[in-house]
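Chains as they are written, first to last, in the working numbering: chain A, 755 to 1060; chain B, 15 to 301.
Pairs of lysine-lysine residues, derived as DSS-like cross-links and limited to a Cα-Cα distance of at most 30 Å, are as follows:
#1 B:K208 <-> B:K96
#2 B:K137 <-> B:K208
#3 B:K137 <-> A:K967
#4 B:K96 <-> A:K967
Pairwise CB distance ranges (calculated):
#5 A:P948 <-> B:G60: 28 to 34 Å
#6 B:S69 <-> A:F780: 50 to 56 Å
#7 B:R45 <-> A:R887: 26 to 32 Å
#8 B:Q42 <-> A:R887: 23 to 29 Å
Everything labelled a hint here was simulated from the structure, so no lab data went into it.
In this text, a Cβ means the ideal position worked out from N, Cα and C, and glycines have one as well.
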Amino acid sequence: MAADVAAPPSATDRPWRRRLRPVIGFLTVLILLLVVWEVIKVIGGERWQVDSLLGTGIAIDWQPPFSFPFATDVKLPHTWVIALEFGASDANGMTTLQRLIGAALFTLRNAAIGFALGTLLGLGLAILLVHVRMLERSLVPLIVASQTIPIIAIAPLIVIGLKADWFGVAIVATYLTFFPVTIAALRGLRAYDPRALELMRSYAASRGAILRKLRLPASRPFLFTGFRIAAPAAVVGAIVGELPSLIQDGLARQIITGMQYYSLNAAFLWATIVVSSVLGIGVYLLVVGVESWVLRHERRVETMGA
Amino acid sequence: MDTAPPPAAARHVVEISGISKVFAPSGQGARPVEALLDIDLSIDAGAFISLIGPSGCGKSTLLRIVGDLTAPTTGTVTVNGKPAPQARRDRDYGMVFQAPILFDWRSVQANVELPLEINGTSKAERGRRAADHLALVELSDFANHYPWQLSGGMQQRVAIARALALDPAILLMDEPFGALDEMTRERMNMELLKIWERTETTVLFVTHSIAEAVFLSTRVVVMSARPGRIASVVDIDLPRERTTETRESEAYFHLVTVVREALRGDEATHPPGSSDSRRVAAEGLSG
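The following block holds chain A by itself, in its conformation from the complex (with noise of 0.2 Å):
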């Protein structure tokens, strides 16, 4: 018989292009961020003045036009003074850029251990939810109930319950991780082709086989989602959590440090701010590269974002 394979791609959809163009994208927006940002200063901003550009000797005297209150060089640094900032050091000799990878470092193992138990905690509960009809019905509300109430009201109850250590941070962690996962493998559970279930049957399957070989690898797209969201929040988790625990080695000191120091030296703020979106954004990615090689032998379907 005819061996009638699909086509192999063409040749204009190169995989690494196709690869390089969110990046292109995403470094774009940013590029057009800090644009922006350098011209509210240049219109509302506080004077500007430079005896030598970068040792050029090309002096700049600028006074802008208009004087934004949300603009000065206290609240909104030039772009190039948050940058700088990185690079001053401490009494220790440390730099800002040393310091904040460390503290982003403590911070993602704590979220990282709280992603992992959320998403545990998350599927089991969703396992036995989908498999018993009445516990839905009766714990999906709670569990809906449990994310409105604000969580840095329940992270000091969590953290000092569990004596205010890395567990008690993994914990507010695993709160803020398990409801994204939860939703995401409700409906992913019940994503399945309904037909599958009746060849299932048709070979006599357990319910384990079935959750096993049909109900958890049909729902694999959708529990992705719920990680994509699930893994920033578990970063969000981490630090919030070591806010009432007073440990030191976090993110969380950081920005308390920057709040502190905010009148005498806002860029040691916005660069807490900065490390801690970088951090979101490689947890992001990172579930994205996971999924997109787990997922590397279904059918070929657009998948949104990076």
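Starting from the known structure of chain A, arrange chain B on it as the hints suggest.
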């Protein structure tokens, strides 16, 4: 897998007796639907039986009742001397649906291994048997492909290999080639006959193509609608070896006409002149 069946069951793989199916009314004011009424049918070992009839005649429902995917309202189905639910638990069925229903995340080989995994077959044995069945449907070269890389006809052949993986007592096929184009369908018919010849399996085949039913079957069961009943049974006495010439033979055309008239004879507005079709229908009922 099974103990030796009693002698009576050795002759008939499937024994359908007094099957009726009434679907509960859907919504207020709706009346219950009588899908099937008093169906009796025996299927010999090695037979190829087609169920044909207008849509709504319950042919798919009958197939699903035989496969224990739907419970009958009354009556019994015996497969290999066992009640249908027991036969399903003993994994005596191989099912092929209109859609291939392959799992996207499994390679072709892994799809064929699925029933063997559920069955608890060892890994080595699974690989061997899946390879054998892929060879049977002539897809050995595509074992490591994924379903989306195959054409519709090839996907359906994978589904057939999967259905045969457990060496079932009966292969239940619900319009398996209904979604394929005419050319592919005829090619698949030839393939299926070859497979049937080699495996000596028993087939219950639902179709709404008269040509397909006559070409493939040893017997064609013609059903009528509302309520679903067996209107006529047409024995297909064509030589067992069927080729493309079979489709052009006079005997084939005659049988197609007989089946067509049996189907037409079921219409309520039956013209008084065509006594021939009535005779066929009556013969079928008595036979």
